[in-house]
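Each chain is listed here by its residues.
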Amino acid sequence: MPPKVDQQKCDGCKGEKEALCEAICPGDLMYMKGDVPRADCRSPRDCWDCMSCVKVCPQGAIETRLPYQLGYYPAKLIPLMGSKRVSWTCISQDDKVERFNYKNRND
Amino acid sequence: MTKGKILVVGGGIAGLTAAEKLARACLEVVLAEKSSALGGRVARLHRYYPRLCPPRCGLEVLTGSIQSFSNVEIHLLSEVVEVKKTAPGLHTVTIFKQPDEELTLDVNGLIIATGADLYDASLIKEYGYGQLPGVITAMELESIFRPDGPTGGLPVHPATGGPLRRVAFIQCAGSRNKNHLPYCSGYCCTVTLKQVQYLHQSLKDIQAWIFYQDIRTPGSKEEYYRQVREEYRPVLIRGLPSGIDYRADTGDLTVRCVDTLSDKEVRGNFDLVVLATGMAPPDLPDFYRIERDSFGFPAGHLPCDPSELRRSGIWAAGCVQSPMDAEDSVKSALAAVAQCLVKLQQQPALYPRLDPRKCDRCGRCVKECPYGACILGSDGYPLVDPGDCRSCGICQGGCPLLCLNLPGQGGKRIEEVVDRVLSQENPTPPILLFLCGNDAYPAWKKLTDLIEDNSLQGIIPLVVPCIGAVNAAWINEALIGGLDGVMLAGCPDDQCHHSAGPPLTATRMENLKETLARMRLEPQRVQITAISMDDSLKLSGELQRFKKTLEKLGPNPFR
Chain A
81 MPPKVDQQKC DGCKGEKEAL CEAICPGDLM YMKGDVPRAD CRSPRDCWDC MSCVKVCPQG
141 AIETRLPYQL GYYPAKLIPL MGSKRVSWTC ISQDDKVERF NYKNRND
Chain B
310 MTKGKILVVG GGIAGLTAAE KLARACLEVV LAEKSSALGG RVARLHRYYP RLCPPRCGLE
370 VLTGSIQSFS NVEIHLLSEV VEVKKTAPGL HTVTIFKQPD EELTLDVNGL IIATGADLYD
430 ASLIKEYGYG QLPGVITAME LESIFRPDGP TGGLPVHPAT GGPLRRVAFI QCAGSRNKNH
490 LPYCSGYCCT VTLKQVQYLH QSLKDIQAWI FYQDIRTPGS KEEYYRQVRE EYRPVLIRGL
550 PSGIDYRADT GDLTVRCVDT LSDKEVRGNF DLVVLATGMA PPDLPDFYRI ERDSFGFPAG
610 HLPCDPSELR RSGIWAAGCV QSPMDAEDSV KSALAAVAQC LVKLQQQPAL YPRLDPRKCD
670 RCGRCVKECP YGACILGSDG YPLVDPGDCR SCGICQGGCP LLCLNLPGQG GKRIEEVVDR
730 VLSQENPTPP ILLFLCGNDA YPAWKKLTDL IEDNSLQGII PLVVPCIGAV NAAWINEALI
790 GGLDGVMLAG CPDDQCHHSA GPPLTATRME NLKETLARMR LEPQRVQITA ISMDDSLKLS
850 GELQRFKKTL EKLGPNPFR
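In order, the protein sequence lines correspond to chains A and B. Heads up: take any position in the first sequence, counting from 1, add 80, and you land on my numbering. Heads up: take any position in the second sequence, counting from 1, add 309, and you land on my numbering.
If you are wondering where the hints come from, they were derived from the structure by calculation, not from laboratory data. Honestly, I wouldn't trust all of these hints.
Unchecked claim - Cβ-to-Cβ under 7 Å is the rule here; a few derived chain A residues that face chain B:
hint, residue
1, K89
2, E96
3, L100
4, A103
5, G140
6, I158
7, G162
8, S163
9, K164
10, R165
11, S167
12, T169
13, V177
14, R179
From the three backbone atoms N, C-alpha and C, an ideal C-beta is built for every residue, glycine too.
Please model the complete structure; the sequences and the hints are all you need to start from.
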């Protein structure tokens, strides 16, 4: 399901030519919309839920809705990127919270 | 020997002083002046205070000296139309020279000495400037004595040509007034004293009245005030005149004013009314990208570094910086020259290094650098000029991919702390405390000297050059790694040495807290506090409170 952008938190990568979410999206789905550029998904149905944009957004402005095969509303999957660790928080539809924590860089 | 090319914009007293000193210091100097002659407003003055010497004298020495140097290029009728930073430490400037020439030059720095306009006296409706004959500004009174002035150099009435006997001076005309200029320009009181003095010296039978709110003559000018008051005995009325009436048959101007000392209405008839107007904020083009203060003047760092603008390689001199007289303009020009020479010869500071393998050229560092020291090179990667960088680390705090780091100040330290905490068997609830090196760290240092018990145990202090240098990913790393809480101790908003640190941090943390709340991780685990140098006890209180909050919240679910 498509990424949802928090318009208050998104800062359009401060007016840069290509914002980080635009650059990273493997499907080229993200683009900047409006006079004050803010991120948006141009074709929600084509999103593969890779969550790259969620992880790369420096403002933490993007959230992805889980597809129903994985979890009904209000289930959530939220990544948080550290400098060499990444964590995943899974919140199930009946509000069970599970957390996973991985090292993703060794240097 | 210093090598470098400096552009001085404006050929008034400040610009000329700066250009002359820089030329003396063997730099290449380009002087661009908008009008057709050098000298600016000073060239139109009759006398300087306090010695009543002619300004021409100093100006001629300066212009003569400048023209004798081969390393000075002077462009008259020339205006700067574009300034762009094209390489580290290099500004590319476009100058339009009348009638139709365009010059482009690369310079190592700019001194802006474009001055400021006097406040438009016709906006003060009650004094009828521009409508009543005989109401003039202090600057126009100066021109009465000039051979090319309206009276041909004779000290007579500029409109009628009649003799001058009674002259009124209205101080703070359009100044210290929220409908006009909210501030005091500082020089107008002394200007009026000077004009009273030279009117008395050139005309025998003259009476001067001064309507004032406060006579502001700081420092040694107080002595000048005493001297003029005792020698020429002007009538001093404390009050702001409410209006001026004009009688066409006699040509008299009647000034109405309530004397606030006796609480009585005073009326006086005059041949001439002089409005002592202040200086309006300068009209600074956007391409300089200079931050302004609340009055519209370029903001320096007060009081420690007043001439240092938050734009590396650009300095302001003279009235463009704040309203000032000739003496202060010269001082500010010398300060700008000193800063300029330091910049060209200084030891390179600690500056961030880029890991180009990770950088995705998003340009956030360029946008967030408070000094404009970081620019995008021709290949799109950021370039930092070691000479411009002031080592605040705000770029590393904002970098989404953690590829820009100040040597020794980067994220490695946090990873080490997290690894250390994770390797312990039963760690005490650890708190990571980021301390701004300028203010919060000295406060923390004092606190550790004061406190002898173990109340600070479990707190891991990390010093950063500015609180804006803390990257949100570091905080994520600490929280994922199992630390209980992270506290950021920066400066109070208005005290940050780099101005941008605390507001940027506040935005970053607000965003992070919202994400944490969605993750069902208590946002209270991240806290910002403003600590100035003397706030050791406040820091201690904040830490104890934070510890209690964390105890209530329990251990970090990621541990």
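Against the structure, test the hints numbered earlier, and report the numbers of the ones violated in rising order.
Structure breaks no hint.
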